[in-house]
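Participant: The residues making up each chain are set out below.
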Amino acid sequence: MLDKVGIAKRIAKEIKNGYYVNLGIGIPTLVANYIPEGMSIVLQSENGLLGMGPFPFEGEENPDLINAGKQTITIVPGSAFFDSAMSFGMIRSRKVDLTILGAMEVSDTGDIANWKIPGKMVKGMGGAMDLVASAKNIIVAMQHVNKAGESKLLTRCELPLTGVGCVKKIVTELAVLDITPQGFRLLERAPGVSVEEIKNATEGRLIIDGDIPEMVID
Amino acid sequence: MLDKVGIAKRIAKEIKNGYYVNLGIGIPTLVANYIPEGMSIVLQSENGLLGMGPFPFEGEENPDLINAGKQTITIVPGSAFFDSAMSFGMIRSRKVDLTILGAMEVSDTGDIANWKIPGKMVKGMGGAMDLVASAKNIIVAMQHVNKAGESKLLTRCELPLTGVGCVKKIVTELAVLDITPQGFRLLERAPGVSVEEIKNATEGRLIIDGDIPEMVID
Amino acid sequence: MNKTIANAEEAIKGIEDNMTLMLGGFGLCGIPENCIAALVKKGVKGLTCIANNAGVDDFGIGLMLHKHQVKKMISSYVGENAEFERQLLSGELEVELIPQGTLATRCLAAGYGMPVIYTPAGVGTEVAIGKEVRKFMVDGVEKEFLMEYAFDADYALVKAWKGDTQGNLIFRGTARNFNPMMAMAGRTTIAEVEELVPAGELDPDHIHVPGIYVHHIFQGVNYEKRIEQRTVRKR
Amino acid sequence: MNKTIANAEEAIKGIEDNMTLMLGGFGLCGIPENCIAALVKKGVKGLTCIANNAGVDDFGIGLMLHKHQVKKMISSYVGENAEFERQLLSGELEVELIPQGTLATRCLAAGYGMPVIYTPAGVGTEVAIGKEVRKFMVDGVEKEFLMEYAFDADYALVKAWKGDTQGNLIFRGTARNFNPMMAMAGRTTIAEVEELVPAGELDPDHIHVPGIYVHHIFQGVNYEKRIEQRTVRKR
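Chains as they are written, first to last, in this note's numbering: chain A, 1 to 218; chain B, 1 to 218; chain C, 1 to 235; chain D, 1 to 235.
It is worth saying that the hints were derived from the structure and are not from the lab.
Don't take every hint at face value.
[Said to hold, decoys possible] Derived pair list, reagent style BS3-like, types lysine-lysine, alpha-carbon separation capped at 27 Å:
no., chain 1, residue 1, chain 2, residue 2
1, B, Lys123, D, Lys131
2, B, Lys95, D, Lys143
3, C, Lys13, B, Lys95
4, B, Lys120, D, Lys71
5, C, Lys143, D, Lys135
[As the list claims (entries may be wrong)] Chain C residues, not near chain D, derived (Cβ > 10 Å throughout):
no., residue
6, Arg86
7, Pro198
8, His215
Cβ atoms here follow ideal geometry from the backbone N, Cα and C, with glycine treated the same way.
When you get a sec, could you build the whole thing from the sequences and use the hints?
Facilitator: In structure tokens, the structure reads:
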């Protein structure tokens, strides 16, 4: 079973040289720490930056320089600032190669729910609906089951949707799966996790085709 | 009867302090020379400039600095460059207070034709259709009659239209007129021109209400 | 064409009860601090505020919420604000949540004179309820889009880094965010800047918002520029 | 993410007969001189060119017309070019004239992922023939708009003043014009610049086109920058 860092590390392996990547809040943010050495990628922050760098050294925080999670950040050489209209313009026109975000539920047709729990205070969708509606490649980082042990990989999302038929790949504490017309397809097992466990933790249609390898995470 | 300079001088009197003004090619360009001293206006050039100044001194021409007529120009302090999308964005959102342009024909309902003569090489509308479709205030500088003595102020334009129901005011060699729901309304006569002459030169509906004063030009 | 006025109080003179305002900023970054303070002091009420966020309890739009000046928020994300939550649950405050890109593009549409725009954001979700859905071909595939209207705001209140007396604006870092589009979108636009310079001192190639979009400009005072999430790393 | 390539020849390698190209520039100001020269040398034919103008007889797109490489021009104004006129009248060349703001905004739409935009330009004229007309309220009055589609171009060829190895672009003066929107609109975008600098040398607040929109960048050579209408005043 993977911890959050494990999920982040596994997702980092999906990033290819030359990618422009948008990282959501939470586990996706951690992915930036595990991008293979020597790989040249650019992080987009939808509040208006290409070329996001790491957190600043203490004392060097700049209130005019934050990411979409409102955290103080730095920039890397070759970065560019722009306004929110251009930021979502480049998202809508599919210039961002990969979007990594968290989810509360995903359906076996690629629907995603990650912004609203009825009965709880609703904070809003931020840029998530724009990102999922336009991204050419979306990887979801999420927990396979909730605290009550119920599957979050469903036939149909129960929570209000963020986007329809958009998720391409999912990395959970148990498995890597992609979305096919036939439902979730199991690609890899987390270290020490059996196919049976994944089957039991997945409510939606699940395709298990041949031997399922265990993930390799350095 | 006014010459071109006279028409330009008369139109210059329509400009108010604080106006953003777009000047078309031809007589409208001349208007810039007769803006009353001490008046603060900004000239927009739709190829991407606010704050157009006069032609450069010889030897100081800059190929990267032209107006919408492709002439070398200068800029005044406080100017700003922008791209063509923003330029027409500010035109469409009616931030430009006054548009002055030439015309081949105008109808008594405010239609304008100024871009195409069937049978002759068609060069294109440039930005004219955008300007006339959006400007909140359009003044047309034109000849009242063509070389054959035929009126260009018509009941209905014969040439292909540039825009519909958009012209507010017309200054010709003979008169100043505005467009009302009842047709052209004669406001002023050019020096030495009689109401009768204007009547004869106007094919469209013409309202002559009371005494028509002679224009005062500088 | 001098658009300079003395201060925020003078700038917001025309803002009355029940108007619709746009306020620039993302979180607390790039917010019009001086204008917000002046609005709180003036006490106008019943405002509809178009702003990406609603500030925190004791800063930004949170200060206006505390004085019950806001009738409705149109935002993409409104966390980090207990008073906001209280007013929302008690029914005092109305909230319309819309996707962040939709918010930005509806401002752009207003500034660029486009009556509507189409976006795929929110298709198939509750955001789409009551909206026109239309299919267009994108990269050879049919895709659904929502029609969204341009905003119409009485005032836009924006904050820039530098500005000149003609109203030209330059932003810095991610404090730019929604400010340029809102500046272009407001029926009347008020810009507060950290540094106001005479016309001619800004490089015309570096202007982010040309002065034609700005009606009043003033140099703000006492910028706090509070940081919402201070994150750092060790040396 | 180094997007630098050696020169125009390498940049246009992928451009084939019958493709659709966007070419930046207004008149001869800000045109991609090096790319045009390379296209002439390569001799690709049957091109559809989206460009505000068609150059003059012996410069700009006029050079491509002279070699009969252009099948169709989509422009707002095409005067100043005798060879153009000859080919048009003889039926060799097809021309679609569209309003200049429509041209700019159809590029913007492509770069910003908007399938269509609405503009009042051309309503009631022959430009509106065959197009959807729709009414929207503007300032309390109903107004008609035309629906215009985003452009879809295989390549955009743009010219900037400075650029860096990541593809970030900065323009100068009115040489900016259509270049930024075309850079954002092309499926593949090639930028030629007068000065190419390493990443980190350009101020990130001054970038007009972020590198994400640019696929190949190179430093151009031998810029002529011809002036079309030399107008001066006496000292």
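Participant: Each hint should be assessed against the structure and marked as holding or not.
Facilitator: To see whether the hints hold, each was checked on the structure:
1. Lys123(B) - Lys131(D): holds, 22 Å
2. Lys95(B) - Lys143(D): Since the Cα atoms of Lys95(B) and Lys143(D) sit roughly 17 Å apart, the hinted pair holds (cutoff 27 Å).
3. Lys13(C) - Lys95(B): OK: Lys13(C) and Lys95(B) at ~22 Å, within 27 Å.
4. Lys120(B) - Lys71(D): Given pair Lys120(B), Lys71(D) holds - Cα atoms ~21 Å apart, limit 27 Å.
5. Lys143(C) - Lys135(D): holds, 24 Å
6. Arg86: holds, 36 Å
7. Pro198: The claim stands: Pro198(C) keeps its Cβ more than 10 Å from every Cβ of chain D (closest is about 21 Å).
8. His215: holds, 16 Å
The structure fails none of the hints (numbered hints given earlier).
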